[in-house]
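Protein chains: 4
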Amino acid sequence: MTYEVKSLNEECGLFGIWGHADAAKVTYFGLHSLQHRGQEGAGIISNNQGQLLAHRDTGLLSEVFKVPEDLDKLTGSAAIGHVRYATAGEASISNVQPFLYRFTEEQFGLCHNGNLTNAISLKKVLEGQGAIFNASSDTEILMHLIRRSHNPSFMGKVKEALNTVKGGFAYLLMTENKLIAALDPNGFRPLSIGKMKNGAWVVSSETCAFEVIGAEWVRDVKPGELVIIDDSGITFDTYTDETQLAICSMEYVYFARPDSTIHGVNVHTARKRMGAQLAREFQHEADIVVGVPNSSLSAAMGFSEASGLPNEMGLIKNQYSQRTFIQPTQELREQGVRMKLSAVSSVVKGKRVVMVDDSIVRGTTSRRIVQLLKEAGASEVHVAIGSPELKYPCFYGIDIQTRRELISANYTAEEICEIIGADSLTYLSLEGLIDSIGIETNAPNGGLCVAYFDGNFPTPLYDYEEPYLKSLKEKTSFYLEK
Amino acid sequence: MTYEVKSLNEECGLFGIWGHADAAKVTYFGLHSLQHRGQEGAGIISNNQGQLLAHRDTGLLSEVFKVPEDLDKLTGSAAIGHVRYATAGEASISNVQPFLYRFTEEQFGLCHNGNLTNAISLKKVLEGQGAIFNASSDTEILMHLIRRSHNPSFMGKVKEALNTVKGGFAYLLMTENKLIAALDPNGFRPLSIGKMKNGAWVVSSETCAFEVIGAEWVRDVKPGELVIIDDSGITFDTYTDETQLAICSMEYVYFARPDSTIHGVNVHTARKRMGAQLAREFQHEADIVVGVPNSSLSAAMGFSEASGLPNEMGLIKNQYSQRTFIQPTQELREQGVRMKLSAVSSVVKGKRVVMVDDSIVRGTTSRRIVQLLKEAGASEVHVAIGSPELKYPCFYGIDIQTRRELISANYTAEEICEIIGADSLTYLSLEGLIDSIGIETNAPNGGLCVAYFDGNFPTPLYDYEEPYLKSLKEKTSFYLEK
Amino acid sequence: MTYEVKSLNEECGLFGIWGHADAAKVTYFGLHSLQHRGQEGAGIISNNQGQLLAHRDTGLLSEVFKVPEDLDKLTGSAAIGHVRYATAGEASISNVQPFLYRFTEEQFGLCHNGNLTNAISLKKVLEGQGAIFNASSDTEILMHLIRRSHNPSFMGKVKEALNTVKGGFAYLLMTENKLIAALDPNGFRPLSIGKMKNGAWVVSSETCAFEVIGAEWVRDVKPGELVIIDDSGITFDTYTDETQLAICSMEYVYFARPDSTIHGVNVHTARKRMGAQLAREFQHEADIVVGVPNSSLSAAMGFSEASGLPNEMGLIKNQYSQRTFIQPTQELREQGVRMKLSAVSSVVKGKRVVMVDDSIVRGTTSRRIVQLLKEAGASEVHVAIGSPELKYPCFYGIDIQTRRELISANYTAEEICEIIGADSLTYLSLEGLIDSIGIETNAPNGGLCVAYFDGNFPTPLYDYEEPYLKSLKEKTSFYLEK
Amino acid sequence: MTYEVKSLNEECGLFGIWGHADAAKVTYFGLHSLQHRGQEGAGIISNNQGQLLAHRDTGLLSEVFKVPEDLDKLTGSAAIGHVRYATAGEASISNVQPFLYRFTEEQFGLCHNGNLTNAISLKKVLEGQGAIFNASSDTEILMHLIRRSHNPSFMGKVKEALNTVKGGFAYLLMTENKLIAALDPNGFRPLSIGKMKNGAWVVSSETCAFEVIGAEWVRDVKPGELVIIDDSGITFDTYTDETQLAICSMEYVYFARPDSTIHGVNVHTARKRMGAQLAREFQHEADIVVGVPNSSLSAAMGFSEASGLPNEMGLIKNQYSQRTFIQPTQELREQGVRMKLSAVSSVVKGKRVVMVDDSIVRGTTSRRIVQLLKEAGASEVHVAIGSPELKYPCFYGIDIQTRRELISANYTAEEICEIIGADSLTYLSLEGLIDSIGIETNAPNGGLCVAYFDGNFPTPLYDYEEPYLKSLKEKTSFYLEK
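Chains as they are written, first to last, in full-length UniProt numbering: chain A, 1 to 482; chain B, 1 to 482; chain C, 1 to 482; chain D, 1 to 482.
Rather than coming from a laboratory, the hints here were simulated on the basis of the structure. Do not take every clue at face value.
Which copy is meant is left open, because identical chains are indistinguishable; a pair holds if it fits in one copy or across any two.
[To be verified] Pairs of lysine-lysine, BS3-like flavour, derived with a Cα cap of 27 Å:
1. K473 to K195
2. K124 to K470
3. K166 to K124
4. K123 to K157
5. K123 to K159
6. K391 to K157
7. K374 to K195
8. K197 to K340
9. K349 to K195
10. K157 to K178
11. K197 to K374
12. K124 to K178
13. K197 to K317
14. K391 to K473
15. K166 to K222
16. K124 to K159
Could you put the whole structure together from the sequences, leaning on the hints where they help?
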């Protein structure tokens, strides 16, 4: 599975640090391990004794920080950084985070992962009061709310602002003398706290960053929590008591790196369990298991172990498949020219293949991979998906806000099986998914948001309520690209 | 394992096509699948009814062909292309292939994979006769020999030239009206013939290119063979009868893509067999198997199946680890900052790990990975290598021409085990390697060149004879970078 | 004289058009002719039936618009554009104009040439009311004032905002259905109106843009005037009656292109008259006149005609002297290596040279040119400057806001003559300057701002009042770089 | 006049130095002052105690040497450099000079200004003997001839090679221990010798480089001369006695920088004399003189002084007119959009203008400038050209090798006057040109090659003889672009 084909994208990765001589450089390496969360923009703001310094641009981290000077100029012992996934057409530099706000009397750096559900309403109200928004993203709203709050204390202003915005969010806010991290009341997005050997505190969207920089995981940020880090250490506060964990289940299924651990559950291990459970729910005869690289390799391992079927490398992903402007013509595509994935004939020829993938969004990718395997000689292709049918959009930070492109919102599993040309199609049950992840919590759905699968959103939808209800009634118009 | 650390590099990948309206574009996609064979330069020469057109530059294929025009200008129905691995300091544009030769009366395109063992002597002789060499590579020598041959026929000139050069070579020569492929008498380098659905003939260093472009494999080029493709079809000829298959065993161990098949043996399958055989030769207790991504994942699968130990994803390779100018300082490195590979604590903590890798060159990478695993909590790390000890250089196209950097030429396995901090170190036996590959042939060593392991070179070494013998006697001066 | 050495820089050039199918392209060509007014950033906003589209970046126009697509995407029949001169350290993309403001209900494009004298105070007040400034320039202030005005009509809001900002300014404001141009009450910065053959209205900082795009000059915008252009044509309004023309005299002396005409006076002709008047005030014997290319060639012509001395090409400016990172070492500089200007020995050898230049800012350039001429064999070098001594800073849009770097604020003409190594030094008298320009007006100083020469600022200085008065008392610390 | 419109281009500029610690850097500055002689490629080869180091690429010098490292790596105390003008389609990197030849036993650097008349024949003969040419330019031929010479001494080989090539050439050859400069037997191309303050010897295509680097002119290289510079100093030799000075007259008219001096004649002064003589030959009434910037400003000065008519700045060249991909559409062009040159209405309105230009090649530029002046209000435009009618091609290094594009080879002066829309057209007489330049010599035509004007070529034309004679008879097919 590749990002290009599936329109299922996380919005961003965050990293912050306080108390390290090479703060910007550590942030760079932290962001480097979060690059899978966003490839369209990156930036770092460092804090040199109250002076904030910024560097950001569109592109991959290695394209944004081209020469050592780009990083060296970001002096100071604290920093926040961001990698950005941007929806089409808005990949402009003015949306790349962290944002740097230079007021006459103070400075702030701000970055954000998630999506607000009342952004449109808030923007209108603020504009009516004279506010000017520079970027098209939601992120600025928080800064406007903080600046306009009449609460006498700065932390009071921040809490008031956090109680005004709704939806899914993890924020990092760098002030002149502290670093603040905040998470929404449902903890939709992951955010963890770590500590480096030299005592520096770090926060990161995923724990894989801690492995990379040699930090030790301390604990995950809780829903509705405020974390304040300054020269005197770390303190914890809350801005609301009405919280209930509902972490995005797709983080476990697809987004997060397998070496990350979220709420005590290692992602690779969760995926193996999903694969094993999927094997138990699977009801067909087969010879070999083939995972779609790279995201489904863990699930394929679990499927293989539970089923006893050998796990084979029947699909190869080209390591050099990034950005190219050269694309096959339609004719070449028909002749079989493909750049990213190829099937290994000598592995799959004559075999009944269980093709393990994590999810089906539009179905186009699945159809192509089934075709690849069949052309390479597979006698049967049984598609096994490590998550339930994706039927509903997400409003908390994943880039599916319309049902039109979700094949499962429009077709039954049987129809989809036929459309993608598979010999059978098995989805993991919702219970199977929840059990496989297995967070230790009393929250409903095992502490997970599974709204994409069952349509039960854990919060009111605010600005999205009406369009969502309308989309449920409306006749969809999904057509598969042939 | 990463290219940057290990100085073990193939020299180049070749692709050629005759008889397709989009010849240059198909060549682009073919080369794209061969990118792992060389990342420092790329080029294509197309043939538009006798007019040869070229585009080449340093860098990855996607950097060389930046805009569609770069490729669109290469019109015509035949083409040859090349991806280049270059030794340090010579990555200049003048060495990037294919070379285009425009004589007053005819034109040629030429590219080459391999290394000549008598290049220095031939160059001196030719210079003494007035020849001027433009590039520092060996490749031009063939063109000088062809042009100076007194043989009356063109194919006679080519054969005379091929009988003069010695060593390992696969050549593609584009003339105004045909495409010629030639392989050295030992077939040190792989070269395969395929056919597209529209009837176009293709040749490629690896069969993975055929999967990508939708071509069918026809057969591999034989040692000492000449393949001539023109508008009337394909014909086969030989320039020598003194041939004996000795294909580079490292192609199976490390270089080739797992989905390629060489002399009837699929590379992934061979690697699984190496892993399985390694498991049989392995004599320690362990809990889990962890392959070093990406090259050793197949061997780890085989080891797991044969040993019954679970195959786990204990090491994660960052998908975005290519080219960056930002490097950790020494201090950060000590704090644990690493960009390319990280160990997954939740997987390896408290476990006795079998770390499966394909080979050890200098030992630095192995030492780092062992350390990674131990820091992540592995209780024991048993290193299992899918090939024998690498003790001797190669003169046929792999970039190890000195024994100084080979740790196995300087230390015993016991010493190396201590140096890399492992709890045990197991190499695959030479017999185990040969059996695992299992080419159907009567040639010695199962049709493989295993000189890096046993020092028995299948040919005289010509210009390298004296320096090689001297290196065997000389006290080596290998020091591990601490 | 070159921009690099002299720190005397205009802040920006403006161009706008309404009613042309190729509006963005015409704007590009208009800006191209204004490139001398700013080389550090450029941008265009087009208006396609109410939808505003933007492209802007740092660098020269040809660097910002690199490929035809950059311009082609700016569809629509109206546009505004800007070339920017930026003070050091703030050459970031976020300051490049025109700014695009996308509110929920409407959009604006805004660009600005000039400098506000009450920007700091206004910013503080606005920030206190919750305003967030994105860029470090003054320009955004106007938009905040417009949006916060309680005036019921849009033009009322604009007028209120224009009456609130103080200093030197020319604004172009693109709304969804009109283009508005506004000039400060003193008309410090030039702004002209023209008409294209197809009927499209254009506004430009200089009339040279009209020559280039084939437009006819209509008239100059008046101090305190508002020009509104929409589909029904052009209308004129005012936002204040307290106006008095005080156009920047340095526009005539140095900034504007010689082919521009400002307030009825052609710049080349004015410079010739300055040169002629300078010749009349000049009291030394000499053989030839040499103008410093390119800005002083007109004055040199006038000097030559009035004095009867031949005008010679004794100094040559390298046409290719733009941006290079290769600079001579100190040692090479001493050996005479110079990249931008060279003296022609065969012209100046043994001659008493009148070196005509337009102004002396820091004196370093003058000293180098005198030295060049002497090394090339000039027997005497008499420096004749086409303007009076530059003693005071400017707060209306020219980049001299400190007296520290003005050599004439620190030394007498006699001392400067010695410092630059000249045989004599003659400045044009203030009366001579005013007469040479000769605008038809009853305003004081012939309608010119000559505050840099006499310290009499035509307006209160607001935020700059205190620092300015302090600078007059304070002992300056001017040191010539040796 | 601009390079883009006129197809009249010099082929290259040369610079060499021996004996300076910053040899490559001085070469850079020398080449910088020769940039007008070629903008399509540049390179430097330095000599560090016998080790030759190269850097070269397509583009302007500032594009080729982008970062200080590009130059810093060229260590050593001697260097040669080259700026290249390339004919269309051959602007590839492989043609950029100096060429670096690395033989097993020695190294050479070679660069060339000029054109050989027997290159095609020589290339064929050499190829028949096995020679392989890498580039499409003539330059390599000399190296092949040197390497194939049987003369026992190296200087003997060089002389033999120089006697074999025919046409116009200036060569710089860097060996491991000396720098050799050579000029053709007619001295078609300029080449001068200078000395730096530290004693280093320099050679340059033009003396303007000496002014820039602070070197003193010593003397010009003579026709048929060989200059050898090494650690023991400079020595002079000849390779032929059959010499006769015939320096390209277009160097004085158009190519060379005005501050250069060639064979004792300063270019600016020569141009002023051409202008003065042109004024004496001119037979019309007029009000003002306007030179076409930049090449005709000197001639306009001379015309003005001799005629008594005022010299005015009626045409302005945009200082920022280099490379842009944005071009006016045909419609915009008709509306008057022009990027490079504009006429100053306030200067030319109602005036009878003498428009002084240096030459007319195709006539398109002249027609446009006449039109510009008329649209700006000039009542009459009298075109005065500072050279005779350009009727014949050049084979010695200027890029006119066909008569088809020369308007004067196809039309009479009267017809051309009408075509370009002028009120009169006056060419300088051939005698006037020769007298105005005035080299002190007894050689025919005052030591000048004036073949473009009278068709009398000073040498046999070899490979060009037949096509030239054919072109004289053939009906030409010149059509002016409307």
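A quick look at each hint next to the structure:
no., hint, in the structure
1, K473 to K195, "neither (50 Å within a copy, 52 Å between copies)"
2, K124 to K470, "within (22 Å within a copy, 46 Å between copies)"
3, K166 to K124, "within (15 Å within a copy, 30 Å between copies)"
4, K123 to K157, "both (18 Å within a copy, 21 Å between copies)"
5, K123 to K159, "both (19 Å within a copy, 26 Å between copies)"
6, K391 to K157, "neither (39 Å within a copy, 49 Å between copies)"
7, K374 to K195, "between (50 Å within a copy, 19 Å between copies)"
8, K197 to K340, "between (40 Å within a copy, 20 Å between copies)"
9, K349 to K195, "between (50 Å within a copy, 19 Å between copies)"
10, K157 to K178, "within (15 Å within a copy, 40 Å between copies)"
11, K197 to K374, "between (52 Å within a copy, 17 Å between copies)"
12, K124 to K178, "between (31 Å within a copy, 24 Å between copies)"
13, K197 to K317, "between (37 Å within a copy, 23 Å between copies)"
14, K391 to K473, "within (14 Å within a copy, 71 Å between copies)"
15, K166 to K222, "within (16 Å within a copy, 51 Å between copies)"
16, K124 to K159, "both (21 Å within a copy, 24 Å between copies)"
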